[in-house]
Amino acid sequence: MSMISRLATVIRAGLRSNFGLATLKHRLFKEKKDRWLVPLIGLAALGVLPTLYGIVLLIKAAYLLLQPMGQERALLTLGLLAGQLLILLFGIYYIISAFYFSRDLEMLIPLPLRPSEVMISKFAVIMINEYLTVAAIVLPVVITFGVMARGGVGFWVNTALVYAALPIIPLAVVSVLVVAMMRFINVSRKKDILILVGSIVLITASLFLQVGLGRSRGPQANPEAIAAFFTSPDSLLNQVGSKFPPSVWATKAVAGGFSGEGLANLALLLGVSLAFFAGIVVMSEKLFYRGLVGLGETTGKKRRLTRDEMSRRVSSGRRAGAAVFGREWKIMNRTPIFLLNGVLVVVIVPVIAVLMGTMGSGRGGGGGGSDLTAILKTLTSSNQLYVILGAALFMTICGSLNGTSSSTFSREGAQFWISRVIPVAPREQTAAKFLHSYMIATLGVVTASAVAAIILHLKAVHLAAAAGLALVAGVLLTAVGMIIDLARPLLDWTNPQKAIKQNLNVLLAMLADVGILTAAFFGVRALIRAKLAANVVLGALFVGLAALAVLSYRILLKFADKRYPEIET
Amino acid sequence: MPVIELTNVSKSYNRGKVKAVDGLTLTVKPGEIFGFLGPNGAGKTTTIKMLVGLLRPDAGRIVVEGFDVAKDPLKAKQVTTYVPDYPAVYERLTGLEYLNFIGDVYGVPKAERLERIGKWLEIFELAPVVTNPIQSYSHGMKQKIVLTAALLPGPRVMVLDEPLVGLDPRAAHQLKEMFREHCDQGKTLFFSTHIMEVAEKLCDRIGIIHKGRLVACGTMEELRALDKTEQSLEGIFLELTEK
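Here the protein sequences come in this chain order: A and B. Just so you know, we're using the working numbering here: the first sequence kicks off at 1009 and counts up by one. Just so you know, we're using the working numbering here: the second sequence kicks off at 170 and counts up by one.
Just so you know, the hints here were simulated from the structure itself, not pulled from any lab data. Nothing here was measured: the structure is a model prediction, and the numbers come from that model. Accuracy of the hints is not assured; some may be wrong.
Short, incomplete list of chain A residues facing chain B, as computed with Cβ under 8 Å [claimed, not checked]:
1. 1144
2. 1323
3. 1325
4. 1331
5. 1335
6. 1428
7. 1429
8. 1573
9. 1576
In the DSS-like style, the derived pairs of lysine-lysine whose C-alpha atoms are separated by at most 25 Å in a straight line are [claimed, not checked]:
10. B:311 - A:1033
11. B:198 - B:356
12. A:1570 - B:240
13. A:1310 - B:288
14. B:288 - A:1309
15. A:1506 - B:311
16. B:240 - A:1566
17. B:244 - A:1566
18. B:311 - A:1338
19. A:1310 - B:356
20. B:240 - A:1309
The beta carbon of each residue, even a glycine, is placed where N, CA and C say it ideally should be.
Next up, chain A with everything else stripped away, as it sits in the complex (with noise of 0.2 Å):
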């Protein structure tokens, strides 16, 4: 078999497996199960259409904005440095997880693979998760700018070549990172910590890039260097672009079509793609296999207890809900993917919202209008009724818009025949699982409402209202995640990311959690275009959503008592 045929094997099932196309097909066509969700998908998508024609709508309005002052490219940097930065922050997890903690290397290091060709394999699985991640990001500010500067058969053959290039240099820079990370350091015996601390360590540095970039945008407060700015076409674009090159290659080879800057560009796009990865190829030869020695033991210290250390650990019988939420509480902390997405994100999210707000209020203005602050400010000024609304709507973002809820019967994964022969009644788990993911919604809503009295001065009573709400509509949100992960939980996978961020429950429940808080949205509006009192429709709101937190409750613990048996592990 030739390199070439060898490569393309082991890529293909490795993309055939991450994908799970095979079960998929077998569970579509052979089983004729899950045909449901055929339509489903087809929904939700329709659903994410008016979302998306707002995205457009907003970018077209930004490509006007700029498009006078010959900025209009800066739109294409920033789409495509968002991308590849988004590239940059799930990478870390893609890589170390496929590269270093997957199980089937354990199958593939005996085959008579090279190290490069396994690592290659493992990379293309990769990139197209990061195709697929990036999408939402990249392709509606490549388009619309494309049709709005009416971009020829050069643009949009450009645009593909780009995006197919796209993920190669973060990801190259990444793998260089994590793979050096693994040779040197003894780390492999500390895999938890090493996600763990690389995953802050990139959003931070992410962060930090973003400050930088927010404080590069707007120009200085001196009459000359806005002249500067103005007079100079892409100004704009390359101090945008200057933290990361590639963006700017990207922009000028995409917008540049087949004219001699844009074949420059993209030549130059390819060509240092081409060198990373080749680069890493050469790479993994010498370091990959290396770094994986011994990395799938775990050891532990042996330690014999004494008779009395013994009965103080030997718990006294705690009752079975609790035993369960203890069960749910130290699996979701202990394993860093569900960590991060769970408990981390609640409180991430509330910090990251501090820092823009803050960072965009130190900036001056003049930044385009993006200036969080004070717009918040400006709205939390004008109607008490707004505030009150608008910090409900972050609390209850920051609490209930994660993975945790919709991911709680699938991180199980097969695990679940433990839950299954347990003499513990379905709707009596549901409960204490349940509770564990409202208690970190009602995290996430804790921290929001800090951040919120932070940066918006919000008054006590205004605080406590927002939260009020922002608590019952994380029952109905956390009891809705929770039936549509149990209506279909993922529980066949060997990666936790699988459970959680490649989980379509997670999408789904989200498109869900959207649609209800646009519901309610227009509820409100309906409730304030009657002319009714503040009080009147936040008290109308509150039970409201109080009936369907009820409700939904009810509906969970019925839907866990008739799904249970159903589920077949």
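Once you have looked at the hints, place chain B on chain A.
Only chain B this time, still in chain A's reference frame:
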């Protein structure tokens, strides 16, 4: 009264295209070690999973200690513990945390927990690692912690799927001793195995399943009577499952 009673139990996959278990009827008496044999794909694991409530039969009735598994699942589960063929356990918990979890959900009093945990951890040589995460255990150690957890509630009925796979000779020996001890107390054990020697020496009665149907069931003597030319269980097994 039988402890385990399967009546006309059937289960198929792929919308009826693959019949895994076909009209299975068998009973297991109190204090009996029942060995369940069959070639790969014969329906052993499917039967065991239906017995412990992991799969729902398409037809038929399963009763454990007088409780219908479909109608009264919690009561049936309260008296049964199960050891799967692959030890998928909570890797992020320590061995002791897992045992505590099982003790809590089965409502095992503290004194009994301490006694049983201490005994089985010593027998299975897990005592020095019980505070380590299960993630750090070898396959055999995971198997042993699942067995310890299954023994912890002191169940009336134990259902085990290939329990000897992955165990070292010493642990396998101790497990067989435990089987006998368990059943001498009037409790019941239902297990599947591929090891003919174990089934022959250990089981009070043996059932052989082939293509989803029970082709033979009885004591070793009764099985020998089925085919006078064959004296070993292996020979009988090969004869019955030839086609």
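Status of each hint after checking the structure:
1. 1144: Status violated, d = 32 Å.
2. 1323: Since chain B brings a Cβ to about 4 Å from residue 1323 of chain A, closer than 8 Å, the hint holds.
3. 1325: 6 Å, holds
4. 1331: 4 Å, holds
5. 1335: Holds. Min distance 6 Å.
6. 1428: 5 Å, holds
7. 1429: 5 Å, holds
8. 1573: 6 Å, holds
9. 1576: Because about 5 Å separates residue 1576 of chain A from the closest Cβ in chain B, which is inside the 8 Å limit, the hint holds.
10. B:311 - A:1033: Violated, at about 33 Å.
11. B:198 - B:356: With a Cα-Cα distance of about 9 Å, the restraint between residue 198 of chain B and residue 356 of chain B holds, given a limit of 25 Å.
12. A:1570 - B:240: 12 Å, holds
13. A:1310 - B:288: Holds, at about 18 Å.
14. B:288 - A:1309: 21 Å, holds
15. A:1506 - B:311: 24 Å, holds
16. B:240 - A:1566: Holds, at roughly 16 Å.
17. B:244 - A:1566: 19 Å, holds
18. B:311 - A:1338: Status holds; Cα separation ~19 Å.
19. A:1310 - B:356: Answer violated: residue 1310 of chain A to residue 356 of chain B is near 35 Å, above 25 Å.
20. B:240 - A:1309: 46 Å, violated
Consistency with the previously given hints fails for numbers 1, 10, 19, 20, ordered from lowest to highest.
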